[in-house]
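Number of protein chains: 2
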Amino acid sequence: MDFVSALKDVAIKDLQELGERVEQSISEDKFIYDACAPLLSGGKRLRPVLFLLCSRSKGICPNEKTMPLATALELIHTASLVHDDILDNAKKRRGVETINSRYGAQISVLVGDYLFAKAFQLVAENDYGNEVAAVLSKLVKNLCTGEIMQDRSLFTVPTMSEYYERINLKTAIFLSSCCRLGGIVAGLNQKEIDGLAFYGGSLGLAFQIVDDLLDFFGDEKITGKILGGDLKSGVVTLPVIRALQVSEKSKILREIITRKKLTDSDISAAIEIVKNTDAMEYCKMRADGHIDSARINLPFLIKTSVALALEQIADFVVDRSW
Amino acid sequence: MDFVSALKDVAIKDLQELGERVEQSISEDKFIYDACAPLLSGGKRLRPVLFLLCSRSKGICPNEKTMPLATALELIHTASLVHDDILDNAKKRRGVETINSRYGAQISVLVGDYLFAKAFQLVAENDYGNEVAAVLSKLVKNLCTGEIMQDRSLFTVPTMSEYYERINLKTAIFLSSCCRLGGIVAGLNQKEIDGLAFYGGSLGLAFQIVDDLLDFFGDEKITGKILGGDLKSGVVTLPVIRALQVSEKSKILREIITRKKLTDSDISAAIEIVKNTDAMEYCKMRADGHIDSARINLPFLIKTSVALALEQIADFVVDRSW
Chain A
1182 MDFVSALKDV AIKDLQELGE RVEQSISEDK FIYDACAPLL SGGKRLRPVL
1232 FLLCSRSKGI CPNEKTMPLA TALELIHTAS LVHDDILDNA KKRRGVETIN
1282 SRYGAQISVL VGDYLFAKAF QLVAENDYGN EVAAVLSKLV KNLCTGEIMQ
1332 DRSLFTVPTM SEYYERINLK TAIFLSSCCR LGGIVAGLNQ KEIDGLAFYG
1382 GSLGLAFQIV DDLLDFFGDE KITGKILGGD LKSGVVTLPV IRALQVSEKS
1432 KILREIITRK KLTDSDISAA IEIVKNTDAM EYCKMRADGH IDSARINLPF
1482 LIKTSVALAL EQIADFVVDR SW
Chain B
1182 MDFVSALKDV AIKDLQELGE RVEQSISEDK FIYDACAPLL SGGKRLRPVL
1232 FLLCSRSKGI CPNEKTMPLA TALELIHTAS LVHDDILDNA KKRRGVETIN
1282 SRYGAQISVL VGDYLFAKAF QLVAENDYGN EVAAVLSKLV KNLCTGEIMQ
1332 DRSLFTVPTM SEYYERINLK TAIFLSSCCR LGGIVAGLNQ KEIDGLAFYG
1382 GSLGLAFQIV DDLLDFFGDE KITGKILGGD LKSGVVTLPV IRALQVSEKS
1432 KILREIITRK KLTDSDISAA IEIVKNTDAM EYCKMRADGH IDSARINLPF
1482 LIKTSVALAL EQIADFVVDR SW
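If you're matching them up, the sequences are chains A and B in order. Everything in the first sequence is counted per this note's numbering, starting at 1182 for the first residue and increasing by one. Everything in the second sequence is counted per this note's numbering, starting at 1182 for the first residue and increasing by one.
Pulled out of the complex, with its shape left as it was, chain A reads as follows (with noise of 0.2 Å):
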């Protein structure tokens, strides 16, 4: 499933105005724009698109109603992802070069600090009102309380329901807050609302585990990133948790992803032993599962051109590469 295709519903024009008015977001500042522009150029923009099509759960809904919050959705997680890339000591993002590896740890605080404030002026600028600017303000704070908690269990295992709060509050609940907010714009009622919401929760889950599962099983060439990268900064994730369980060398496994500073052949040995088990097929199983889940919430818009995006987007996010 080619994720262009799936969002037929989000038309062509939509997106190139998205981006757009994303470079135009960071055009006042000139070092901004050109330590930004680069990299808000690329991406899946999954977040606005999301929130997009929820905003046309009732039909057409004005572009000048609907791209300023999007703008905002895509500037907030993209200075997640500055902030992510200073402690990941990540050399790429996107395709270019980080902009950590490129200006260094404060810029990249202060550039990540510019972009959240630019998102939550863009809101306020556009009369959005007070609960979309709550809806916004707490996602951020949760996404810092997963990455916190992540941070503060690196090279550690966690348990099963330790790895789901964590990607529940770094990943899930920031789509779930893209699919409201659109529902929010859109005029539905709480409980379509709450549908919607519930749909972008699963679809985070099965989302994030997709992505911790790239990172062993992806092609660096097409997801952007260096393969192993999780583990190098000694974030243990899905594959990994079902390979502890399963693999006959679970033990040499479990010794070296608690080392703190894993040489690229540690990275490769790991990799080798978490690709022996089922691990693979285990994460798919459960992503395809939230997929399921994210499915069967939203019944009211069945029929409808966006119900048939959001299905779209659900089997991309299953099947994705990238």
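Think of the hints as simulated: they come from the structure by calculation, not from any bench. It cannot be assumed that every hint is accurate.
[What the hints assert, rightly or not] Not the full set, but computed from the structure, chain A residues with beta-carbon under 10 Å of chain B:
1. S1222
2. L1262
3. G1293
4. A1305
5. L1324
6. T1444
[As the list claims (entries may be wrong)] The following label-pair restraints were derived from C-beta to C-beta distances:
7. B/E1346 / A/M1461: 47 to 57 Å
8. A/S1282 / B/A1218: 51 to 61 Å
9. B/G1200 / A/R1333: 20 to 30 Å
Even glycine gets a Cβ: it sits at the ideal position worked out from N, Cα and C.
We have chain A; now place chain B onto it with these hints.
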């Protein structure tokens, strides 16, 4: 001039309530609370106090209308300090160990992000509306732009206008915004609000100049900061700019401050050269000028108790030792 007596119009019980609300605002998450509570219990609370005073321009303003925003202002300021301390690698802030020193850079990034988000949540959930949120988001953006400007010119000597642009973005706009927000909440007319904002902006310039002075002439036990910290991190401020203009040893001074790695004896030597010029008087003279300018922008409030308190704060800002 004692700061607390300058604040007699913000009754002691209000400062106490502010302290309780600040503490309460970070109590949702145990880790955030443990990390931030020591830092948030200190500080002058100048920003929320300016806001609270200005909110009373027309008389008493109910605490329910003021306290959440006062709390948000203190959280934003603290978030920026937490992010600042990552670069500075400062060991102490407000007399306690910095979050960076205790938990490292990544946690500092995330804790700062959390505090920013919490501030915007307080504003959203207490129905301050879009104008207030726009002022807040723009002040954060300006703060970042000022810090980026500073970070990109470390170990170089700014022109006077570059120095002023930086302290305006970093500090003056923040204090100006606090006063502006007070005026908005008080329901003043636009001209009155602009007057308060101008007062705050001029006060902010003076405040930052005195802050920069304290890095050379302060008492570490009183400021809670280590002397020469700006020099060490490469931030060249007004006392140095002045000393370079008038000192016989300006060549040596310039050579020292543009070294990328200053030793403790470099710092002592630089402080000594600055102390042997009129830099202190020069900076005080400039700060006094901005304070006079701040005062003349308060005509509409004159004779009210708020105006008196704002004037006392102005006195404090130039005479302070912390």
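Evaluation of the provided hints:
| no. | hint | result |
| --- | --- | --- |
| 1 | S1222 | violated (21 Å) |
| 2 | L1262 | violated (12 Å) |
| 3 | G1293 | holds (8 Å) |
| 4 | A1305 | holds (4 Å) |
| 5 | L1324 | holds (8 Å) |
| 6 | T1444 | violated (22 Å) |
| 7 | B/E1346 / A/M1461: 47 to 57 Å | holds (55 Å) |
| 8 | A/S1282 / B/A1218: 51 to 61 Å | violated (35 Å) |
| 9 | B/G1200 / A/R1333: 20 to 30 Å | holds (28 Å) |
Going down the numbered hints, you'll see the structure goes against 1, 2, 6 and 8, while the others check out.
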